[in-house]
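Protein chains: 2
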Amino acid sequence: MQSSDAYVVALGVARALDADTDPLTDRRAGIDGKRALITGGVGFIGSSIARELCRQGAKVTIVDAMLPGYGGNPFNLDGFRDGVELVLGDIRDSELMARLVADQDYVFHCAAQVDYTLSTAEPILDQDINSKGTLVLLEAARKHGPEAKIVFASSRLIYGKIGYIPVDEGHAQRPLNIYGVHKLAAESYLRIYASVYGLDTVTLRIPNPYGPRGQMKHSRYGLLNWLIRQVIDGETIHIFGDGQQKRDYVFIDDVVDAFICAARSAVERGDVYNIGSNAGCSLEEMVETVISVAGNGSKTHVPWPEDYEANETGDYVANTTKIFAATGWSPKVALTEGVRRTYEYYLNHRAHYW
Amino acid sequence: MQSSDAYVVALGVARALDADTDPLTDRRAGIDGKRALITGGVGFIGSSIARELCRQGAKVTIVDAMLPGYGGNPFNLDGFRDGVELVLGDIRDSELMARLVADQDYVFHCAAQVDYTLSTAEPILDQDINSKGTLVLLEAARKHGPEAKIVFASSRLIYGKIGYIPVDEGHAQRPLNIYGVHKLAAESYLRIYASVYGLDTVTLRIPNPYGPRGQMKHSRYGLLNWLIRQVIDGETIHIFGDGQQKRDYVFIDDVVDAFICAARSAVERGDVYNIGSNAGCSLEEMVETVISVAGNGSKTHVPWPEDYEANETGDYVANTTKIFAATGWSPKVALTEGVRRTYEYYLNHRAHYW
Numbered sequence: 001m002q003s004s005d006a007y008v009v010a011l012g013v014a015r016a017l018d019a020d021t022d023p024l025t026d027r028r029a030g031i032d033g034k035r036a037l038i039t040g041g042v043g044f045i046g047s048s049i050a051r052e053l054c055r056q057g058a059k060v061t062i063v064d065a066m067l068p069g070y071g072g073n074p075f076n077l078d079g080f081r082d083g084v085e086l087v088l089g090d091i092r093d094s095e096l097m098a099r100l101v102a103d104q105d106y107v108f109h110c111a112a113q114v115d116y117t118l119s120t121a122e123p124i125l126d127q128d129i130n131s132k133g134t135l136v137l138l139e140a141a142r143k144h145g146p147e148a149k150i151v152f153a154s155s156r157l158i159y160g161k162i163g164y165i166p167v168d169e170g171h172a173q174r175p176l177n178i179y180g181v182h183k184l185a186a187e188s189y190l191r192i193y194a195s196v197y198g199l200d201t202v203t204l205r206i207p208n209p210y211g212p213r214g215q216m217k218h219s220r221y222g223l224l225n226w227l228i229r230q231v232i233d234g235e236t237i238h239i240f241g242d243g244q245q246k247r248d249y250v251f252i253d254d255v256v257d258a259f260i261c262a263a264r265s266a267v268e269r270g271d272v273y274n275i276g277s278n279a280g281c282s283l284e285e286m287v288e289t290v291i292s293v294a295g296n297g298s299k300t301h302v303p304w305p306e307d308y309e310a311n312e313t314g315d316y317v318a319n320t321t322k323i324f325a326a327t328g329w330s331p332k333v334a335l336t337e338g339v340r341r342t343y344e345y346y347l348n349h350r351a352h353y354w
Numbered sequence: 001m002q003s004s005d006a007y008v009v010a011l012g013v014a015r016a017l018d019a020d021t022d023p024l025t026d027r028r029a030g031i032d033g034k035r036a037l038i039t040g041g042v043g044f045i046g047s048s049i050a051r052e053l054c055r056q057g058a059k060v061t062i063v064d065a066m067l068p069g070y071g072g073n074p075f076n077l078d079g080f081r082d083g084v085e086l087v088l089g090d091i092r093d094s095e096l097m098a099r100l101v102a103d104q105d106y107v108f109h110c111a112a113q114v115d116y117t118l119s120t121a122e123p124i125l126d127q128d129i130n131s132k133g134t135l136v137l138l139e140a141a142r143k144h145g146p147e148a149k150i151v152f153a154s155s156r157l158i159y160g161k162i163g164y165i166p167v168d169e170g171h172a173q174r175p176l177n178i179y180g181v182h183k184l185a186a187e188s189y190l191r192i193y194a195s196v197y198g199l200d201t202v203t204l205r206i207p208n209p210y211g212p213r214g215q216m217k218h219s220r221y222g223l224l225n226w227l228i229r230q231v232i233d234g235e236t237i238h239i240f241g242d243g244q245q246k247r248d249y250v251f252i253d254d255v256v257d258a259f260i261c262a263a264r265s266a267v268e269r270g271d272v273y274n275i276g277s278n279a280g281c282s283l284e285e286m287v288e289t290v291i292s293v294a295g296n297g298s299k300t301h302v303p304w305p306e307d308y309e310a311n312e313t314g315d316y317v318a319n320t321t322k323i324f325a326a327t328g329w330s331p332k333v334a335l336t337e338g339v340r341r342t343y344e345y346y347l348n349h350r351a352h353y354w
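Protein chains in written order, with this note's numbering: chain A, 1 to 354; chain B, 1 to 354.
Calculated from the structure, these hints are not laboratory results. None of the values given here were measured: they were computed from a predicted structure. Some hints here could point you the wrong way.
A few chain B residues facing chain A, derived, Cβ under 8 Å [claimed, not checked]:
no.	residue
1	Ala185
2	Ser188
3	Tyr189
4	Ser195
Note that the Cβ used here is the ideal one computed from N, Cα and C, for glycine as well.
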């Protein structure tokens with residue numbers, strides 16, 4: 001367990017490091033002029049990474065299958081679309097992936113089926129995209145792009161039922177759903193391709209991400225984003241149970257930062273890192289933040305759904321000391337600020353997301 | 001860590017239990033007249049289970065894809081072939097599996113790609129058979145045979161690098177090869193189908209099995225069986241390094257017993273059990289046993305292969321107290337006796353295996 005003192009110390013060091021360097025010069029180092037492939041690059045996390053990489057001077061290629069109902073939204077590329085090569089294609093297409101990974105400096109692997117409920121209803125589909133898709137990418141990299149640094153978007157759901165918080169990377173890993181099984185299998189592929197073939201791979205375990213550019217057409221992806229839509233739509237927010245269940249909501253800009261830090265840092269090949277907000281937040285508190293930022297909205301408590309126990313992990317807060325030690329990354333955006341930016345984004349761009 | 005005293009106590013109780021009951025009457029209970037499906041039932045473990053189930057009065061259906069180079073050998077059914085329904089088919093065929101699992105009391109899931117070296121060279125093939133194949137079977141059971149008890153043949157290779165011996169089921173699970181990743185994913189499917197859908201599933205983690213009916217055409221499956229072939233063929237046995245690496249060699253009759261015990265016992269749904277010989281044995285000692293039983297043969301020490309470190313788990317001995325407590329199972333066949341029976345079997349039937 002990590003004390004809150006340790007958090008404060010860690011954050012203090014991070015701020016001191018930032019103060020010593022010119023942020024933009026420092027951040028562009030290792031990215032400017034480099035080639036980067038982003039799978040799922042029209043989706044929430046992928047497009048956000050793509051935007052920042054373009055800003056930092058990378059030559060970005062995006063591949064996205066644009067599967068209906070998934071996270072791909074062309075508006076996510078608004079403002080930098082002309083700066084990227086955009087390929088409509090599927091990570092399960094081994095010939096395409098062979099061509100795309102060649103000569104890349106970085107691969108950010110974000111393409112996924114991200115609905116854990118669907119993973120139980122359609123386990124073979126989830127396997128095909130999340131597990132086989134990752135293998136196809138790694139096989140392509142091994143044969144055609146062995147120099148690329150590969151950063152993989154995994155999930156805190158690989159841990160399953162939580163035994164203690166904050167959760168470190170050594171916590172037991174017994175996923176409660178098929179989605180978690182396949183994310184864990186994909187992590188293992190990256191670890192094995194590092195040890196057996198020497199590929200330069202790294203995995204980030206993401207808790208509950210939120211922010212601009214997430215899909216907002218259905219409730220099955222990001223909880224916080226969905227509640228923001230409910231408030232904008234004037235709907236009452238439903239809180240399951242007593243609302244005290246803790247989650248770790250991490251703002252998309254911090255997620256993007258973590259991916260770029262992991263890509264640029266000489267971390268151990270095949271290793272795995274938690275990211276998070278360094279703060280647990282109850283559902284009740286999160287809902288109150290959303291309502292407070294919006295200046296309106298209502299909430300009500302409802303019973304848990306009948307099947308919740310099989311999927312409920314218990315409170316989750318990530319211990320992020322490992323990635324801080326290895327890369328200097330720490331989250332910068334507090335919940336209220338992140339919610340404010342998210343709320344304003346969707347208020348301004350709702351026509352493209354609703 | 002389990003002391004050797006604990007083993008002795010456990011074995012003593014097992015023998016006392018045996019002495020109190022008529023073995024055959026006791027063993028047939030729960031099997032006689034029942035319907036059992038065995039996937040991979042023409043292979044080493046599957047055919048051995050099929051043989052014993054027939055002996056105990058079960059109505060046995062075997063499904064086997066008879067993939068070239070795999071473990072399926074028609075001679076494995078010698079003597080009881082007319083007593084089983086034999087279906088040539090693949091576990092990845094969802095329509096076939098839907099038909100076969102209907103109305104079964106037991107499903108023994110042994111079909112697999114079992115060569116871990118091949119799993120690294122052909123990871124997508126390994127995934128298709130070991131991971132997707134298991135999902136197809138479970139989906140079929142969920143929809144068409146939810147009452148069946150499903151027993152799955154997993155592997156000790158899910159543990160990866162060994163931290164301590166004897167290894168209990170809570171040991172860290174970081175497979176070193178793709179085969180281990182997919183066996184672990186398959187275990188997780190069984191656990192999740194138990195918790196989400198209430199299927200009655202159980203997993204056995206098998207160390208190094210040996211005995212009659214294993215394939216003997218190439219060296220990539222069972223080490224001990226292969227060394228017996230080398231002795232019969234008059235070849236010199238190569239021992240990697242100093243030969244002190246410990247393995248847990250478990251005789252096929254004990255493996256079969258464990259499957260049937262697990263099937264008949266009301267163990268916790270979705271749970272996982274180690275099986276083993278309750279004795280670690282160095283490679284040197286195993287080779288000496290083979291040579292001693294055969295009355296001839298020679299050995300020589302050679303350096304480890306260059307790539308061994310990525311795959312070498314370190315010494316492995318299973319802690320089997322959990323399955324003993326839950327089912328009363330313990331191994332009965334000591335190494336010398338098992339090697340003797342194996343040697344005689346292949347000496348007599350070599351024409352069908354070489």
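Hold the hint about Tyr189 (chain B) up to the distance rule: shortest CB distance to chain A must be less than 8 Å. Holds, because the Cβ-Cβ distance from Tyr189 (chain B) to chain A comes to roughly 7 Å (cut-off 8 Å).
Hold the hint about Ser195 (chain B) up to the distance rule: shortest CB distance to chain A must be less than 8 Å. Holds, about 5 Å.
Per the CB criterion, is Ser188 (chain B) less than 8 Å away from chain A? With a minimum Cβ separation of about 4 Å from chain A (threshold 8 Å), the hint on Ser188 (chain B) holds.
Holds or violated: the hint that Ala185 (chain B) contacts chain A, with Cβ atoms closer than 8 Å. Holds. Min distance 5 Å.
Every hint, counting from the list given before, is met by this structure.
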